[in-house]
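Trainee: Listed below are the residues making up each chain.
Number of protein chains: 2
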Amino acid sequence: MLRPLFPGCASSLRAAASRTSRPILSSSWQTIAAARQYSIKPATAPSTADIDPTKLTIEKTTSPKSLKKPEDLIFGRNFTDHMLTIEWDATTGWKTPEIKPYQNLSLDPATCVFHYAFECFEGMKAYRDKSSNIRLFRPDRNMSRFNKSAARIALPTFSPAALTELIATFTKLESRFIPDARGYSLYLRPTLIGTQRTLGVGPPGSALLYVIASPVGPYYPTGFKAVSLEATDYAVRAWPGGVGDKKLGANYAPCIVPQREAMSRGFQQNLWLFGEEEYVTEVGTMNFFVAIKNKETGQKELITAPLDGTILEGVTRDSVLALARERLEPEGWKISERKYTMKELDEAAEEGRFIEAFGAGTAAVVSPVRAVSWKGKLVNCGLKDNEESGEITLKMKSWMEARQYGDEEHEWSYVC
Amino acid sequence: MLRPLFPGCASSLRAAASRTSRPILSSSWQTIAAARQYSIKPATAPSTADIDPTKLTIEKTTSPKSLKKPEDLIFGRNFTDHMLTIEWDATTGWKTPEIKPYQNLSLDPATCVFHYAFECFEGMKAYRDKSSNIRLFRPDRNMSRFNKSAARIALPTFSPAALTELIATFTKLESRFIPDARGYSLYLRPTLIGTQRTLGVGPPGSALLYVIASPVGPYYPTGFKAVSLEATDYAVRAWPGGVGDKKLGANYAPCIVPQREAMSRGFQQNLWLFGEEEYVTEVGTMNFFVAIKNKETGQKELITAPLDGTILEGVTRDSVLALARERLEPEGWKISERKYTMKELDEAAEEGRFIEAFGAGTAAVVSPVRAVSWKGKLVNCGLKDNEESGEITLKMKSWMEARQYGDEEHEWSYVC
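Those protein sequences? They're chains A and B, same order as listed. For the first sequence, our numbering assigns the number 24 to the initial residue and increments by one for each residue that follows. For the second sequence, our numbering assigns the number 24 to the initial residue and increments by one for each residue that follows.
Just chain A, with the same shape it has in the complex (with noise of 0.2 Å):
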């Protein structure tokens, strides 16, 4: 539709490449990709009103639900007796902040985001630590990206810290939902939804922010089990100039039939390759990354891809990244933010190179990877047939789980 919907909007966006003549160097998707990369800045300061934790209403709820058997936990099918709300709209900004009982939301069917994608989210995950303490791990850079994915498709941006300080207070409040047990967590699930009820495409007006929260087991109960890959190429996850570096809704429908494909095909899941050069990207829906020893030198390298903007921003992947650098470096390591390829994965499985391969995110922590099939063959990632987890993948989730449940102290974690 081309009539104008919104003259006269304040520009949110910094294009890095400008719109005038825009050389380009070589044909390789690389170059493309640097050349034609754009980023996106939270608009700033709205004039209307932010994110006010001062005002927060707590309703309780009148008939508390019993727990489950830890045991009996699935992944995001059961939730707490509240959920986290503030509206938004337009005109006055940040509603009140309310914690009231976990119930249904009611919209218009010409709710814009029943049509247009209008929604992002966040995971992230709540700990109990030793002394019974509730511990957020880096909520800051949840914070931040959910306001990067926000920005990305027009719903309104807030103060990181306020939201913060909100999801605390809700998940103290739910806090009798969390096992006191290694493992188990509490998964919380801030999300942004567009509400503006009209079917003209264009920035929604108004907005609902809700948080929920689900108590979730250990991601491998019994222990690692290496999982399977099929290398993907004949559908894209993500381009250059793209979305897929924001945590929108619109990144993840398009990707279940792929992994459909793969499942029938006996892989767990996709390993998303791009473009002619077979860049490996991302795992399913985690970031990936492998073990290799370097071919002259003997050196041993973790390898994962660079944010190009094809690539989640995980958080799962700055803190092994960081722990790696912090870590593996001094024993000798090298870390790298690189661009790699199948073929590359392919030879150093022939030579005897390839060390381990995991995924990262923030439902399984590391995710170990026997296997990746592509072009007809099976590239072993390293792993002995009796194996379930490389000794990198072992150390990244103690590591991280350290870091999580508070037994070390560390500016990660955050004590509600």
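It is worth saying that the hints were derived from the structure and are not from the lab. Please read all numbers here as calculations on a predicted model, not as lab measurements. Take the hints with a grain of salt, since some may be wrong.
What the hints assert, rightly or not - Partial chain B-side listing against chain A, Cβ under 10 Å, derived: (1) F102; (2) A204; (3) T214; (4) L271.
All C-beta atoms, glycine included, are put in the ideal place defined by N, C-alpha and C.
Chain A is already provided as a structure; the job is to place chain B on it using the hints.
Mentor: Chain B only, in chain A's frame:
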């Protein structure tokens, strides 16, 4: 998340590109696009129940809305008295179709449509003819595309004839909302959303199909008004192997910020370019047509981008092409579905060979374009300063309307 979520699902996706060796003959984007294109066929007849129009139940509203003045109608803002709904679940299939009073949807905040954009839709119109019959325009095309969109994101498919019949019944029930004047119609919005209440990323086990209807007036109430576009290369709407050819919610929210950017510089919409070659793909949320004279032969050519997986399969696009082949080709025009570049358009403009340009979509039918901002210059699309539309655009509007309103009896028109 790597855990197997739906083992044993049957394959519904046909990868055109084999996952084994895939030769790339050149690095051009055209070749890459061709090599990477893939298509989805709706799943074969499900063993669960299909949509059954004979089971329709109708609950009429007890508080009918008063009609708005025709001139006060705004696209997608006001809706009729009722809605058509059909629930689905994976075990039983499609349930009883219901026409009931227009009402809010009540959904758990964990419902997958809010998180992973399990949503697709159609846009179609119903017209009142001179005998006061109500007519749909090419509903078979909308139903076919709706099924393709649904299949691509693991939502259920259905019998096109069954849903068309239900939509016709619903439309007749709401016909008092269609003003009896040329240019007015009832905009119909079939929508399909995933309703599973879990945060696990997998194919929805339940869904809701609903149809709402909004009476609309002529897009250009006082005659055509040509718009100007900003050629956009810093953001990319669609990619080979992506979902840009499907009518998914996921394709819309990401386009709003670039649209706002274009408007902040005085342009009503984006003209989406693709690749290093700067292929012209679509304008805003419409397909794009250009008419130019051949440099060597002087032959007039009407061009639109081909359905290569990055272009929405517009019903209006297809109708414009058919009408052009039927009525312009005999007059010596060449009608082309082919790739074309901004450079080609710029040269045509510089050399006085650019005849006219227009967008094509359900909302505006055709929408004339005055100029395109590209690399800091304004490419004039052939209109004189005092003109708001070219001749072909005017003819297309008139030809289309004759079939939409049933002045010309034609198989495209479906009498309810």
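Trainee: Each hint should be assessed against the structure and marked as holding or not.
Mentor: Structure-based check of all given hints:
1. Taken as an interface hint, F102/B checks out: its beta carbon lies about 6 Å from the nearest beta carbon of chain A, inside 10 Å.
2. At about 20 Å, the closest approach between the beta carbon of A204/B and any beta carbon in chain A exceeds 10 Å, and the interface hint on this residue is violated.
3. The beta carbon of T214/B comes within 6 Å of a beta carbon in chain A, closer than 10 Å, and the hint placing it at the interface holds.
4. The interface hint given for L271/B holds, since its Cβ lies 7 Å from the closest Cβ of chain A, which is under the 10 Å cut-off.
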